Amino acid sequence: MIWDKFPRDGIPWFATNPGEDIVLTTRVRIARNLAEHKFLTRCNKREKTGILTLVKENLVNSPLGELGSYHRMQDLSSDEKKFLVERHLISSDLSASREPSGVFLLEGDHALSIMINEEDHLRTGSIYPGYNLENSFNRLKSVDEILADYLSYAYSSRWGYLTACPTNCGTAMRASFLCHLPGIVTLNEFEKFREGLILRDLSVRGFYGEGTQVYGNIFQIYTNKSLGMTQNGLLDIAREGLEFITGFERQCRKKLREELFFQMENKVWRTVGIIKYAKALSSSDALKYLSTIWLGYSLKILMSNGKSYFPSDSFILVQPTHLQLMLEARLTSQERDVFRAQYIRRKLSSEEWYKVSMD
Amino acid sequence: MAERGKKTQKMCEKCGKEFASITVVQVIGGKKKKFRVCESCAMKVGLEEQMRVADIKEKEKKRQIKQNESKMYDLVSKMSREESRERKMVCTTCGMSYFDFKRELKFGCPDCYEAFKTKIAPIIHKIHGAYKHVEHEEQLETSGAMLPELKTRLKIAIEDEDFEEAARLRDLIKESRNDLG
Numbered sequence: 000m001i002w003d004k005f006p007r008d009g010i011p012w013f014a015t016n017p018g019e020d021i022v023l024t025t026r027v028r029i030a031r032n033l034a035e036h037k038f039l040t041r042c043n044k045r046e047k048t049g050i051l052t053l054v055k056e057n058l059v060n061s062p063l064g065e066l067g068s069y070h071r072m073q074d075l076s077s078d079e080k081k082f083l084v085e086r087h088l089i090s091s092d093l094s095a096s097r098e099p100s101g102v103f104l105l106e107g108d109h110a111l112s113i114m115i116n117e118e119d120h121l122r123t124g125s126i127y128p129g130y131n132l133e134n135s136f137n138r139l140k141s142v143d144e145i146l147a148d149y150l151s152y153a154y155s156s157r158w159g160y161l162t163a164c165p166t167n168c169g170t171a172m173r174a175s176f177l178c179h180l181p182g183i184v185t186l187n188e189f190e191k192f193r194e195g196l197i198l199r200d201l202s203v204r205g206f207y208g209e210g211t212q213v214y215g216n217i218f219q220i221y222t223n224k225s226l227g228m229t230q231n232g233l234l235d236i237a238r239e240g241l242e243f244i245t246g247f248e249r250q251c252r253k254k255l256r257e258e259l260f261f262q263m264e265n266k267v268w269r270t271v272g273i274i275k276y277a278k279a280l281s282s283s284d285a286l287k288y289l290s291t292i293w294l295g296y297s298l299k300i301l302m303s304n305g306k307s308y309f310p311s312d313s314f315i316l317v318q319p320t321h322l323q324l325m326l327e328a329r330l331t332s333q334e335r336d337v338f339r340a341q342y343i344r345r346k347l348s349s350e351e352w353y354k355v356s357m358d
Numbered sequence: 000m001a002e003r004g005k006k007t008q009k010m011c012e013k014c015g016k017e018f019a020s021i022t023v024v025q026v027i028g029g030k031k032k033k034f035r036v037c038e039s040c041a042m043k044v045g046l047e048e049q050m051r052v053a054d055i056k057e058k059e060k061k062r063q064i065k066q067n068e069s070k071m072y073d074l075v076s077k078m079s080r081e082e083s084r085e086r087k088m089v090c091t092t093c094g095m096s097y098f099d100f101k102r103e104l105k106f107g108c109p110d111c112y113e114a115f116k117t118k119i120a121p122i123i124h125k126i127h128g129a130y131k132h133v134e135h136e137e138q139l140e141t142s143g144a145m146l147p148e149l150k151t152r153l154k155i156a157i158e159d160e161d162f163e164e165a166a167r168l169r170d171l172i173k174e175s176r177n178d179l180g
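First to last, the protein sequences are chains L and R. Numbering that gives the first Met the number 0 puts the first residue of the first sequence at 0, with every later residue one more than the last. Numbering that gives the first Met the number 0 puts the first residue of the second sequence at 0, with every later residue one more than the last.
Hints in this document: simulated from the structure, not taken from any laboratory. Where hints are given, some of them may not hold.
Stated by the list, open to error - Cross-link-like lysine to aspartate or glutamate pairs, in silico, EDC-like; alpha carbons within 16 Å at most: (1) R:Lys125 <-> L:Asp200; (2) R:Lys150 <-> R:Glu174; (3) R:Lys33 <-> R:Glu59; (4) R:Lys105 <-> L:Glu239; (5) L:Lys140 <-> R:Asp54; (6) L:Lys299 <-> L:Glu242; (7) R:Lys150 <-> R:Glu136; (8) R:Lys9 <-> R:Glu38; (9) R:Lys43 <-> R:Asp73.
All values derive from a computational prediction rather than experimental measurement.
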């Protein structure tokens with residue numbers, strides 16, 4: 000089982016530092032295609048298998064081989080695939096693919112994956128907790144450099160790395176942040192915020208990437224250009240974008256604290272009540288309430304007991320497949336909702352505010 | 000009196016049976032024509048006139064429809080000519096045509112970039128705001144990404160009479176434009 004190697008009750012690459020209450024994770028990814036090979040759009044099954052085998056052989060023989068494990072997608076159970084999607088290690092497109100495809104997972108912190116035969120031959124992504132552009136990029140770069148000795152990539156001096164979709168050519172790199180933006184949402188400033196993102200060459204989408212929904216006020220914000228700039232130039236765009244994002248959100252939270260404190264207090268404590276007494280919580284409700292509780296920390300409505308901080312990896316751990324794996328049992332959706340409510344209570348019950356009773 | 004009246008009062012020019020009591024002026028083909036007609040013939044002439052006008056309008060309408068039809072036909076044939084051109088623009092490595100690419104929005108192989116170069120250069124510029132990949136910082140100025148900025152800098156250099164810088168910028172602009180094709 001793939002998850003036997005993963006730590007059960009926490010995610011190392013998720014922001015859990017007190018100061019990190021906006022950016023949850025930083026992810027950088029690059030796309031690569033093999034030279035002298037057709038893109039996947041024009042490959043038949045045999046050719047796809049050929050590419051998969053070629054990449055796998057070279058990967059396993061490279062120094063990376065010992066640092067992680069390779070899995071053929073068709074060998075993974077649907078729960079395993081869902082688990083990897085919930086961890087942001089593979090895309091939902093790859094998990095749904097019936098074509099020959101695979102994934103390489105770096106062990107240790109389980110924060111780097113190489114998807115093989117997704118949209119491009121290789122998609123390598125590296126995740127780090129909080130705002131961690133440099134580390135995330137450096138690790139990705141070192142993996143890319145190792146692989147470049149084993150595989151030759153499709154590249155032209157004019158268009159850079161050649162990708163199946165022209166939106167990715169050039170550096171074929173993209174940086175993205177998972178951002179918790181309850182202030183912007185509460186104050187209805189999202190449209191204005193989005194305009195600001197567009198000006199900075201950034202786009203926004205849901206929790207699990209393109210076409211997915213937004214849960215718990217968490218947005219994925221990513222750079223949308225890759226040609227006409229160096230890798231460092233792209234990191235600069237991401238860096239400046241991030242300053243804008245955190246600045247905007249902080250300003251909204253400041254306004255909430257200064258002008259709408261009572262309303263926020265009411266909202267947060269009501270949510271505390273729900274968390275304490277709910278018999279069952281659906282996934283989307285859970286994320287909504289977790290977001291409010293977390294905002295409560297930031298607005299200094301809920302005090303942390305000093306040692307602990309908001310366990311923001313709960314956002315991932317309360318997902319259906321994660322809960323199922325924790326219990327090691329198949330659950331009906333109602334059982335899952337009941338367990339989710341209990342699990343969140345357990346996670347938060349050590350917090351100081353949880354013990355406060357209101358008169 | 001009656002005698003004199005009969006003499007001056009002309010008979011209707013249309014039917015010749017009744018006394019003419021109304022003068023009708025018709026303009027046909029830019030020429031004025033005057034009729035002295037009786038009351039009932041005047042009605043008929045008016046009716047005829049209306050019919051004639053309606054007829055002209057009808058003809059004009061038909062002409063316009065025909066014209067539109069031929070315009071549409073032109074457009075359709077132009078589109079299908081364009082389409083057949085796009086179908087013929089084929090990447091020899093993977094067999095993908097530009098027409099296929101427009102539908103799928105993904106290329107078939109690395110060589111497609113070169114095969115559809117002229118068509119995709121403007122599209123890629125629209126997406127990325129640049130014409131060329133930049134591997135190192137020094138290439139940035141000729142990537143096309145900085146074209147607007149280079150132009151502004153050129154204008155300032157000319158205004159400041161810094162001709163050495165202006166010449167350098169002019170060459171850079173030229174170089175990045177050369178790459179567009």
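Here is how each hint holds up against the structure:
1. Taking the CA atoms of Lys125 (chain R) and Asp200 (chain L), the gap is near 13 Å; set against the 16 Å cutoff, the hint holds.
2. A threshold of 16 Å between alpha carbons decides the hint, and for Lys150 (chain R) with Glu174 (chain R) the separation of about 13 Å falls inside it, so the pair holds.
3. Between Lys33 (chain R) and Glu59 (chain R) the CA atoms are separated by roughly 27 Å; this puts the pair beyond 16 Å, and the hint is violated.
4. Among the hinted pairs, Lys105 (chain R) with Glu239 (chain L) is inconsistent with the structure: their alpha-carbon atoms are about 30 Å apart, more than 16 Å.
5. Between Lys140 (chain L) and Asp54 (chain R), the direct Cα distance comes to roughly 79 Å. Violation of the 16 Å bound is thereby established for this hinted pair.
6. Distance check on the hinted pair: Lys299 (chain L) and Glu242 (chain L) sit about 23 Å apart at the alpha-carbon level, beyond 16 Å; violated.
7. Between the alpha carbons of Lys150 (chain R) and Glu136 (chain R) the distance comes to roughly 19 Å, so the proposed pair goes past 16 Å and is violated.
8. A C-alpha spacing of about 13 Å is found between Lys9 (chain R) and Glu38 (chain R), which places the hinted pair at or below 16 Å, so the restraint holds.
9. For a cut-off of 16 Å, the pair hint linking Lys43 (chain R) to Asp73 (chain R) is broken: about 44 Å separates their Cα positions.
Of the numbered hints listed earlier, those contradicted by the structure are 3, 4, 5, 6, 7, 9.
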